[in-house]
Amino acid sequence: MKRNRLRYDGIVVAVPVTVPYVRYSIRSAHWFLGRALAELIKRSGIAKRDIDGLCVSSFMLAPDTAIGLTQHLGVSPRWLDFLPIGGASGVVALRRAARAVQAGDADVVACIAGDANQTESFRLNVSNFSVFSRDASYPYGSGGPNASFAFLTAHYMRKFGATAEDFGRICVDQRTNALSFPHALMKKPLTMDEYLNARPIADPIRLFDCVMPCAGGDAFLVLREEHARDLGLPFARVLGTIERHNAFPDDPIQMRGGWAMDVDDLYAQAGVTPRDIDFLQPYDDYPVIVAMQIEDLGFCAKGEAPAFLRANTMTCDGTFPLNTNGGQLSVGQAGAAGGFLGLVEAIRQLTGEQLGAKVPDAKVGMVSGFGMINFDRGLASGAAILARA
Amino acid sequence: MVKPLTAPRRKNPILRTRLPTLPPGARSRPALGMTAAAAEGRFALQTCKDCGTVQYPAREMCVSCLSDKLLWRDQDGAGELISETVVHHSNNLFFLERLPWRLGMVKLDCGPSVVVHLHADVPAAPARVRVAACLDRASQAVLVAFPPEDTPNMADDRQLREMTCDPKFRKVLVTDGKTAVGQALVQALAKAGAGLIWVGYAEPWKKYPGLEALKQLPQVTLVPLDVTNGQSVKELAGELGARVDILVNNAEVHRAYGIAARYGTDVARAEMDVNYFGLLRLAQEFGPVMRARGADGQNSAVAWVNLLSIYALSNFPAHGTFSASKAAAYSLSQCLRAEMKPSGVRVVNVFPGPIDDEWNQMLLPPKVAPGALAGAIVKALQGGVEDVYPGDVAQEWLVRWRENPKGLERELSE
Numbered sequence: 076m077k078r079n080r081l082r083y084d085g086i087v088v089a090v091p092v093t094v095p096y097v098r099y100s101i102r103s104a105h106w107f108l109g110r111a112l113a114e115l116i117k118r119s120g121i122a123k124r125d126i127d128g129l130c131v132s133s134f135m136l137a138p139d140t141a142i143g144l145t146q147h148l149g150v151s152p153r154w155l156d157f158l159p160i161g162g163a164s165g166v167v168a169l170r171r172a173a174r175a176v177q178a179g180d181a182d183v184v185a186c187i188a189g190d191a192n193q194t195e196s197f198r199l200n201v202s203n204f205s206v207f208s209r210d211a212s213y214p215y216g217s218g219g220p221n222a223s224f225a226f227l228t229a230h231y232m233r234k235f236g237a238t239a240e241d242f243g244r245i246c247v248d249q250r251t252n253a254l255s256f257p258h259a260l261m262k263k264p265l266t267m268d269e270y271l272n273a274r275p276i277a278d279p280i281r282l283f284d285c286v287m288p289c290a291g292g293d294a295f296l297v298l299r300e301e302h303a304r305d306l307g308l309p310f311a312r313v314l315g316t317i318e319r320h321n322a323f324p325d326d327p328i329q330m331r332g333g334w335a336m337d338v339d340d341l342y343a344q345a346g347v348t349p350r351d352i353d354f355l356q357p358y359d360d361y362p363v364i365v366a367m368q369i370e371d372l373g374f375c376a377k378g379e380a381p382a383f384l385r386a387n388t389m390t391c392d393g394t395f396p397l398n399t400n401g402g403q404l405s406v407g408q409a410g411a412a413g414g415f416l417g418l419v420e421a422i423r424q425l426t427g428e429q430l431g432a433k434v435p436d437a438k439v440g441m442v443s444g445f446g447m448i449n450f451d452r453g454l455a456s457g458a459a460i461l462a463r464a
Numbered sequence: 002m003v004k005p006l007t008a009p010r011r012k013n014p015i016l017r018t019r020l021p022t023l024p025p026g027a028r029s030r031p032a033l034g035m036t037a038a039a040a041e042g043r044f045a046l047q048t049c050k051d052c053g054t055v056q057y058p059a060r061e062m063c064v065s066c067l068s069d070k071l072l073w074r075d076q077d078g079a080g081e082l083i084s085e086t087v088v089h090h091s092n093n094l095f096f097l098e099r100l101p102w103r104l105g106m107v108k109l110d111c112g113p114s115v116v117v118h119l120h121a122d123v124p125a126a127p128a129r130v131r132v133a134a135c136l137d138r139a140s141q142a143v144l145v146a147f148p149p150e151d152t153p154n155m156a157d158d159r160q161l162r163e164m165t166c167d168p169k170f171r172k173v174l175v176t177d178g179k180t181a182v183g184q185a186l187v188q189a190l191a192k193a194g195a196g197l198i199w200v201g202y203a204e205p206w207k208k209y210p211g212l213e214a215l216k217q218l219p220q221v222t223l224v225p226l227d228v229t230n231g232q233s234v235k236e237l238a239g240e241l242g243a244r245v246d247i248l249v250n251n252a253e254v255h256r257a258y259g260i261a262a263r264y265g266t267d268v269a270r271a272e273m274d275v276n277y278f279g280l281l282r283l284a285q286e287f288g289p290v291m292r293a294r295g296a297d298g299q300n301s302a303v304a305w306v307n308l309l310s311i312y313a314l315s316n317f318p319a320h321g322t323f324s325a326s327k328a329a330a331y332s333l334s335q336c337l338r339a340e341m342k343p344s345g346v347r348v349v350n351v352f353p354g355p356i357d358d359e360w361n362q363m364l365l366p367p368k369v370a371p372g373a374l375a376g377a378i379v380k381a382l383q384g385g386v387e388d389v390y391p392g393d394v395a396q397e398w399l400v401r402w403r404e405n406p407k408g409l410e411r412e413l414s415e
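Going down the list, the sequences are from chains A and B.
According to my numbering, the first sequence is numbered sequentially starting from 76.
According to my numbering, the second sequence is numbered sequentially starting from 2.
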């Protein structure tokens, strides 16, 4: 008998923090993570010794992991997790932290993500990303994720008749959203002509389909509702979350992610439908993955994202607000912190703490994560539905 | 369709010779199973002995049933190109210098999807393809997707030529022109389109049969070379070392008998002097300059071929001292291979069974005809392999040796 997933009643997220993104920095991942934790403490008023849960997401902590960071930062958590799983790390951190708080294993979990970026960092990361990529994809042109997503994009376009303009809509509208977001590294408007005429990177992927690697950090707290109220913190409720890894391994090429396996559970747990979602913060390492999330999360049928994008506007004041701070395509990809960017933005939109444009009257928002091109496809996926208190 | 390669223009001596760079060469130990097969020109994938699943990339366990009984099985490579890209940016210097680069994703009929280097004559996806494994400049196996049927000028594909050692338009040194094998090699290389062939000639005062015929070939120049004489090797390397793209060391001394039937060490010394020290002298004089020319334009230095013997794997007592000299040369060739690796210059080892020449008079057939041996060497250069076992005897010994080396030792002592 299939058991229903337990709800997250009484569990909330609060204190959305961003350590400002920079293209390059000589600081290490430890610095960005430490800044993120310091900011959480400062803004929440919680004493450092009272942070009894810690969840860390980073690619560049090596040779340290989360455990080394506890001594580095002088915290003594009774619950600790390390999530070097890239784009899904924000949702997964939220989900696991929420269960820990719910079960009483921790009172307050600091979820922190941060990565460094020096001129060599990105190349070093992609050249040694995984055993499978080292054996079976990097020796082929060494294009890194650009080449891997080029395969998925080319296939999706052929299969479903998507055009470059369809993907361009995502990039152009997200750029509009980014223009009012102070931490976005891209500060100029992007036109469709500029998008289409940008230099090719890995056909059919062009320059503005790619995120810019950078350094930065993002963080939030997970705690009980009454705890947040006592501290006087604005908060958002956790209505539902899912995660799924290495879904559909027999698909010859990726056309769908793990969301498609669990999305019905997600809406059932949250007690809402796609029509109730006021904004979507999908993981946007490349536009094709945004299209897949729109489909797999139930906003349209498989293969219909191109038509859906043509029928909607994705700006904050549009018919389908998408990545309301500009997403990684316009803000930058701060390594594993990129997996936190959409979640932190969702909390801001639902608590009224937005730094840029506001989605009018947003009550329910969805965040979606995706990551880890281990060989030929992204393995990690997750999604969460949050609601205004 | 790939256009036929045209003869390169003379090198401008003022321009700097580009230093060799390599594609990424790091591999896990399971992945080296594919390299082992590709070294011989085979495309093999891990196959589960328990459930039959064919998997890729290589793993420690069967992805389906978690058995650790994984066998490397040859595949025909048939599949469908399901997506492709041309990369205009790379994180690796080798590819960065050779952009744009065409790649594909192929769903193999045997199961897994694989990323491949995509031949220019494969049409846009979806398209049927034939996937093969070959060694790249980092000496590791990579997969290449070809059109199902051969196309004209297939070998001239720009990307493929970065993996093969095709003699076409290249300059070759054959170290000994007086033997039947040497002469067959020169003919085969000329036929394969070699631009220039220098043919070593140790004793210019002797009139060996066949040399006059070689001189008639427009590509051929006879050059004095005695591999037992360090000064001779040094002088030739000084004169043309910086132009040799492919060096084929076929010089050998071969006498019958083992230890007891021929008293003394003179013959064994002569064998070692040519078969082992000859290689060492050549490697010391030609190796460094060839290493420096691993990326010298369309006609870079690409290959070093050693004529060894299947007896290098296990001693054939009837030709005991010869076997020992070839075993020594084999071991040294592995050292040379390691030293050439950073340059991308491939060391190709050839392990023939008994060659049909005067020194194997007392052996019954099958024996390898010199022409067939030469053909096998040229084919190896045109492909992406580094170990060649020409002839039925060599093939059979290889299987016996792999299956049970001690057993082969016993059988050979009968």
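Just so you know, the hints here were simulated from the structure itself, not pulled from any lab data.
Please note: incorrect hints may appear among the correct ones.
Which bits of chain A does chain B cover? Going by a derived footprint, with three or more residues having C-beta under 8 Å, they are [said to hold, decoys possible]: (1) 123-135; (2) 200-206; (3) 225-232; (4) 289-302.
Note that beta-carbon positions come from the ideal geometry of N, C-alpha and C, so glycine has one too.
- Query: Do three or more residues of the segment 200-206 of chain A come closer than 8 Å to chain B, measuring C-beta to C-beta?
  - Reply: holds (count 4)
- Message: Closer than 8 Å Cβ to Cβ for three or more residues is the test here. Does the segment 289-302 of chain A pass it with chain B?
- Response: That given contact is violated, which follows from only 0 residues of the segment 289-302 of chain A lying within Cβ reach (below 8 Å) of chain B.
- Cβ contact check, 8 Å cutoff: the segment 123-135 of chain A against chain B, three residues minimum: It is violated: at least three residues are needed, and the segment 123-135 of chain A offers just 0 whose Cβ sits closer than 8 Å to chain B.
- Quick check: the segment 225-232 of chain A, covered by chain B? Criterion 3+ residues, Cβ under 8 Å. holds (count 5)
When each numbered hint is compared with the structure, violations occur for hints 1, 4.
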